[in-house]
Amino acid sequence: MGRIAELKREFSKLLDDLDFDRVSLELQKPNIFHILGITRTEIRHSNFLAWLLDPNANHGLGNQIVSRFLRSVLADQRVEGIDESDIEGLEYSTMRVFREWHHIDILLEFSDLIVCIENKVDSGEHSYQLTRYRQLVGERFPGKRFAFVYLTPTGAASVQESNFYVEYSYQQLIDVLDRILAIYKLRLSPLVISYLEGYTTTIKREILENDELNLLAAKLYRNHQNILDFLFLHRPDRASEIGGHLYKMLSNEGMVRASPNKGYARFLPQELDKIIPRTGTGYPNKEAFMFELDFFWPNQDKQKKLTFRTIIAPGNEEVRTVLKECLVGVPKAKKPAGQKFVVHFLDSYPFNLEEIQQQSVEELTLTMGKVWQHIKATVESVTKAILEREHDLLALRNQLEKPEPSSGASLINPLL
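Here the sequence shown is numbered in full-length UniProt numbering, starting from 1 and rising by one per residue.
Don't take every hint at face value.
Claimed, not checked - For lysine-lysine, the following DSSO-like pairs were computed, each having C-alpha atoms within a straight-line distance of at most 27 angstroms:
hint, residue 1, residue 2
1, Lys304, Lys274
2, Lys185, Lys29
3, Lys334, Lys304
4, Lys262, Lys248
No wet-lab data here; the hints were simulated from the structure.
Here the structure is a predicted model, which means the values were calculated and not measured.
With the sequences and hints as input, model every part of the structure.
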């Protein structure tokens with residue numbers, strides 16, 4: 001009881017902390033990059049950067065972003081034949097921006113200058129790609145000047161091509177965008193402002209991790225570490241949430257919950273729970289037989305199906321023999337698979353965890369109802385077949401689950 005009271009006091013302190021309110025309010029602000037789930041996706045970052053760098057795009061900033069970007073790049077000595085003093089003389093009106101041109105993330109083409117940008121958010125160099133890009137650009141655009149840029153969160157140098165590629169960091173990019181917002185905000189459309197602010201917030205918070213919210217979160221953790229660690233340790237996850245919905249559906253259909261395990265919904269009809277001996281050795285509750293829904297695989301974000309099976313567990317061979325004889329005769333039963341855990345029915349159904357997690361209560365109810373409709377006929381036919389051997393199973397249950405005979409000694413429970 002003392003531990004519970006202590007956690008309640010610490011939770012109250014957390015809720016009373018003004019920084020907790022500040023973090024909560026900030027997280028409630030809509031951000032298109034978070035909504036679309038593209039905070040660390042390189043191809044989406046490159047798409048947005050290509051739009052920002054295009055002076056003819058509909059952001060209304062003309063060449064303000066690309067010229068500031070080039071000022072840092074062209075000042076580097078690795079760029080030959082042109083420097084930052086030539087920026088204003090570039091023909092921005094005819095400049096073209098290419099995405100994924102021969103796998104190059106972003107390519108800027110001026111009349112006499114080519115800028116090749118390789119963008120890396122999480123991945124690194126591979127297969128000498130930077131060397132290949134540099135050679136390809138030289139072959140395809142003879143007689144032009146070149147600038148090669150290696151864009152990373154930290155401004156790290158290229159391992160393979162450091163003599164040619166100019167390092168550019170996401171922090172430098174954010175500095176440019178922050179300056180643009182400070183100067184031109186009044187003349188930009190609300191939609192463009194929303195895009196720019198959302199993007200800078202995403203970069204600072206998710207990639208650079210130097211946003212004000214990151215600092216507040218660190219401060220909160222230092223001040224309330226005990227309760228936050230406890231909450232994190234006991235947070236619900238996708239498996240437990242979806243499992244809870246599956247068990248609710250099964251309970252409504254008169255099913256009894258069997259031995260629990262994360263990512264599985266195991267169950268028995270009440271009629272079978274009353275007659276099948278508890279002689280299994282593979283599960284905590286010693287089930288000799290059960291139905292199982294397997295919905296949570298290790299790579300959960302790519303999980304697209306739910307697997308339904310019947311299982312005869314290892315244990316007493318007499319019980320296993322009766323159950324096998326029951327299931328072999330059920331229509332559509334497959335050839336028994338497995339030795340210890342014997343499976344007679346195995347089917348898979350569409351079940352996209354990522355989509356299901358976003359469903360409303362009403363949609364979840366419909367989804368779970370569809371699951372039951374998929375398995376209902378098999379559950380009923382298997383149950384009917386096992387109930388035909390009810391007499392045999394009850395006899396085995398009475399025989400195998402008899403309490404051990406008393407030795408006559410008086411046992412004292414040390415817990416009382």
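Hint-by-hint comparison with the structure:
| no. | hint | verdict |
| --- | --- | --- |
| 1 | Lys304 <-> Lys274 | 35 angstroms, violated |
| 2 | Lys185 <-> Lys29 | 19 angstroms, holds |
| 3 | Lys334 <-> Lys304 | 24 angstroms, holds |
| 4 | Lys262 <-> Lys248 | 16 angstroms, holds |
Violated hint: 1 only; the structure is consistent with all others.
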